[in-house]
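Produce the complete structure using the sequences and hints provided.
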Amino acid sequence: MPHAPPPHTYQPTSRREMLRHCCAGFGGVALAGLLGEQARAAGAAAPHFAPRAKRVIFLFMHGGPSSVDTFDYKPELQRMDGQPLPVDRPRVTFAKTGVLLKSPFKFRQHGESGAWVSELFPHVAGVVDELCMLKSVHGTNPAHGGALLALHTGSTTFVRPSMGSWVLYGLGSENENLPGFVTICPTLGHGGVNNWSSGFLPAVNQGVPLGKANSPAGDVTLRDLHPALPATRQRQQLDFIRRLNEQQLQATGPDRALEARIQSFELAFRMQTQAPGALDLSQESKATTGRYGLDNKPTAHFARQCLLARRLVERGVRFVQCTHSYKWDQHANLEPVHRKNAMEVDQPIAALIDDLKSRGLLDETLVLWGGEFGRTPTAQNQGSRQKTGRDHNPEGFTMWMAGGGVKPGFSYGATDPWGYYAVEDRMHIHDLHATLLHLLGIDHTRLTYRYAGRDFRLTDVEGVVADKILA
Amino acid sequence: MSRCTLTPSVVLLALLAIVGGEPKNGLARDAVADEQLAFFEQRIRPVLVEHCYECHSADAKILQAGLRADTRAGMRQGGDSGPAVVPYDEEAGTLMAALRHETFDMPPSGKLPAEVIADFSRWVREGAMDPREALGDEGLAGASGVRRADGILNRIDYEHGRQHWAFTPPAEVTAPLVYRRDWVRTPVDTFVLSALESVDADPSLEADRATLLRRLSFDLVGLPPTPAELDAFLSDERPDAYERLVDRLLASPHYGERWGRHWLDVVRYSDSNGLDENYYFGYAWRYRDYVVRAFNADKPYDEFVAEQLAGDLLASRPDYRGDHQKQADALTATGVLAIGPKMQAERDNQKRVMDTIDELLNVTGQAFLGLSVACARCHDHKFDPIAQADYYAMAGLFRCCVGKQGKRRDAPLASGEALREYREAERKHLEVKAEDDRRGKLIRDLHRRIAERPPDAEALEKELEVLLSDRPELQREMVRLRRELDNFPRIHTMHQGKPSDLPVHIRGSHMNLADQPTPRGPLPLFDDSVSRPAIAGREPGRLQLAQWLTDPRHPLTARVMVNRIWQGHFGRGLVDTPNDFGYRGSPPTHPELLDFLAREFIAGGWSIKRMHRLILLSSTYRQSSRHRAASAAVDPENRLLWRQNRRRLEAEPIRDNLLAVAGLLDRTIGGRVFDFPNGERVTDDRSRNKAIDSYRSHRRAIYLPVIRVATYPMFTTFDLADPSRPLAGRDASVVAPQALYMMNGQLALDAASGFAERLSERIDVGAAAAISHAYRLAYGRSPTEEEQRASVAFLDENAHLPRDALWRDYCQALMAASEFIYID
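Residue numbers (the working numbering), protein chains in the order written: chain E, 1 to 471; chain F, 472 to 1295.
These are computed hints drawn from the structure, not numbers from a lab.
Take the hints with a grain of salt, since some may be wrong.
As the list claims (entries may be wrong) - Cβ pair distances, simulated, as ranges:
(1) 254(E) / 1057(F): 21 to 29 Å
(2) 913(F) / 122(E): 51 to 59 Å
(3) 276(E) / 576(F): 56 to 64 Å
(4) 470(E) / 576(F): 41 to 49 Å
(5) 254(E) / 676(F): 44 to 52 Å
To be verified - Residues of chain E placed beyond 12 Å of chain F at every Cβ, according to the derived structure:
(6) 295
(7) 357
(8) 454
No experiment lies behind these values; they were computed from the predicted model shown.
For every residue, glycine included, the Cβ atom is placed at its ideal position computed from N, Cα and C.
Below you can see the structure in the form of structure tokens.
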């Protein structure tokens, strides 16, 4: 019960210990640098092998986009429209659903890879040769909360560290003035902060939220970043604080926590001036903002997120998540609302891929796109074409990756002819995590943290790397 | 039938000696055996290697189902579902059914060709000749497990496991002989000094009085000493001034707030569900206040444990029935079993029930036992001697606490006559509500019929009029009754169902149950110290669990708690993994001291305050925290306690310190700060945190709502982890966001202004007086001359600022400096 910090906090046995526990944080590396230490302050381990990707951008489609209406074309479903599902339903489902429902959207093949993409994603279809489709992803939980937690932390049951936190813990941060794991406009629902929390990992690996689900992505900022005092006056004050801290340190003997604290104020002072620049989209050219779709109301929100994501990874932020929050849950009104949702993200996503590529960042940046689950090929709330929807389907759905060491223009795995169950090269969420870590140079079985007597992993006791998608 | 099954085993025994066992020189292997060997090598082994070893061998990345197919013993002993192969009996082992895809679908990649399955069938029928070596030690741990009646193999070797230091009762220890007996104030010191002397290290000098006062104040009440308290202690020349100070602070009503908060960490206290759907626990605060009261009243720890685990059962006992407050406390205490995070939207009901129980086992295991019992949900514990079956025995104790899904889990806090009154009021309210609903329906019907303009419209309208005119009064009555109900205090409480036992869930899956339930009860691990109580069929067993835990012979309960108390005074426990005393936990730095304290704790009637005194009065505690190179060279981590540790305050006392020094702290004790309907979503997917305004309250930190998923950001910045799991302690990171908070955070700015205002009269007198007072307020001591000079220099350099701004900047700097949040 008593809280006191772990012992090594005051008198670490080694400099490395101290760096791990005292000054790593966002900006941990800067402190490490100041103290003459190598980078990777927060990291627990060097990459286990040569990484293919250094950073991750996760484009999260909260609510569950329908695979059979976007990237998983199913002629058999079109043919059997209105007929009962010819296979058993899962033991646990979210709601009762009806007969097979064909996609109301037109599919066409695109690019040299000939990938099928529905009319919902015309811009993404334009960069489809960069994408590696994962068509056999599956999870276990058919409710949003459980599925979000599973996707973000690997556990549907308990609060565990988020994948971003694991990545940051494993690799450390590359930037001195920014957090290493940023989540832009995240939702506070369906697990909320548990989806970007560091769980039992050191708190410095916590995701730092920029804004929240319903705040305009242009206005996001870091907490307490705005200086309360004019610069010269604050400098005077900080010099005095420094003097107080140094006096204390001198009087009581060496203490690394106190040393780190002196540095933390210097870093904070610099962050005030440098971090806002990273978040300032007005530094982008008109052409760039136009490409992302910043000027159009429907696309502006997600365009800002995508552009921010690029600015952040460019500056060495390790893991950035963009969230299209709780839009994709079409139990009803699939046709009009999926159309609207897709329009909001399509252009920004395609622009991001293009932009990363033209800046030479795509090779080292892994982009991951997807929702917490897909939707059933069967109909829910069947009525008019407009009103009908689809239920949650964790049994088989499509996500995609791009850049960062995955095969471009490739398609991995498959669902059954109706798009309900993953059947070929099945990829559980644990496998997705294992693969993601692998691409970052981390062996998922060796990235562990001991908590309550057990060595925990992002992938629990599961996880198989999907070797076939590695470039 | 029984003869048929018996005969093959007899034959088997005979045959094993010949063909299956080690071929011995004197024993001629006949032609049959040669043929069988050839058959195995040609038809069986290759298939096993190709299709089974990947998941069922020593080389498997993860051994599946606990089954090894790469050794003879592995296949015969089998895995979680029983033996894979029983020679001569196709039906008895799991192998054949799995190959035929009748039970498990093996191999998972697809059924093997029919002729291969026929080979296996022949192989088993002919005795499953298997020349491979017996299983080595590296395989199934303690391979000589016990097959239980329900078919589950328990591989735990308890006797061996008990050799761990923490699994035998605390030993009677005699204080060691030490040279510097003048340093010894309480028995604690002899143990510490003895360890120091063994490495030729000296303890530190006693800290000065001001330091001791500030240390004790934050340790016991979590608040800074006032200048008046400082003066009083500095001028108290009585020989027992220090003891008096300790006693005064222990008697403070704020002591329970400080130590209650420590306990709330351990039991993952929260006012909302978190996890997936973040419902507000509208009455959880009563449990929090119970904890504060319990610490203030020095409730014996054994009672404290029993009330939390089984208060609902205690409440009906005569000694509780006679004392209303005591009974109410007991009922409130079980709130701890209800405040866990639960997956509200889990569609798989059985899974939800087991997950909820698992959460309870995780918390109670870590909090009371200091063991990660929950690790044994899917398999025998990998490190500690806890069998999977033991887990389900413990789980059965909590089965009746978990019921249907529900976002409201509250009950009136009443009993006897008051409860009858409550039920009556509830009945009346429901009656009136039903009547109102009935009339509402009538009114809607009438509206509809009148709209159709029937011939009797006029009569209908008259009827409607009467109904409408009566209704307001009825609804007023309904509201009045609702209020009456609301006047009954309510508590957050767990479900109360029928006790029952749980079967082992093979591999932790509720889809794969052992065929018999495991009788519920505590762990068998300590059977040689504490006997497991009998639990009758109708009893939940939680009372027995509490009795078992607080048996004076229990190896863990007292050790775990005294270690937490120690941790609160030194920043680190004697065991620095306070929630894990098992094999993976750290060994104690001072094992004899830990045992001495544990025995003292029990002998002293489990009094927590008595333990505080024992520790706080020691020379060990009173040491200075100054660095000393000689000792640091011997013991850089200060594990032997050659000095007191310098500790950073946790998030809550940092905030309370800011408010207290600014003169803004509201010291009201108890009650609810965040007035919000029970069971409503406090955060949602639109990301509004409804509790955000209450974070601005100036009540002490312990009274701010604890909203999982949306904890107070300032607390998170200073290392409060999300309280969805038991917290063993807090981190003390040093990161830039903390500095940013002190520079730009709203509370820091408000506090600086308040602080400066408190100085204003002294500023009128002169800077020196103001500086001195500021130091006494912020650091509980007077400034040194050098510090005076530094302060004056800052004030002079910035003399161009308006007076208010100048002193505000100065005060903010004092609060931002390390001394404000580090305790020497």
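Tested hints:
Distance hint check: the CB atoms of residue 254(E) and residue 1057(F) are about 25 Å apart, consistent with the given range 21 to 29 Å. Take residue 913(F) and residue 122(E): their Cβ atoms lie about 57 Å apart, and the range 51 to 59 Å holds. Hint check: residue 276(E) to residue 576(F), Cβ distance near 58 Å, so the stated range 56 to 64 Å holds. Remark: the range hint 41 to 49 Å for residue 470(E) to residue 576(F) is contradicted by a beta-carbon distance near 29 Å.
In this structure the supplied range 44 to 52 Å is violated for residue 254(E) paired with residue 676(F), their Cβ-Cβ distance being about 19 Å. Against chain F, the non-interface label of residue 295(E) holds: every CB pair exceeds 12 Å, the least being about 26 Å. Its beta-carbon lying about 32 Å from the closest one in chain F, residue 357(E) satisfies the requirement of being farther than 12 Å from that chain. The beta carbon of residue 454(E) sits about 6 Å from the closest Cβ of chain F, which is not more than 12 Å, so the claim that it is off the interface is violated.
Violated hints, listed in ascending order, are 4, 5 and 8; each of the other numbered hints is respected by the structure.
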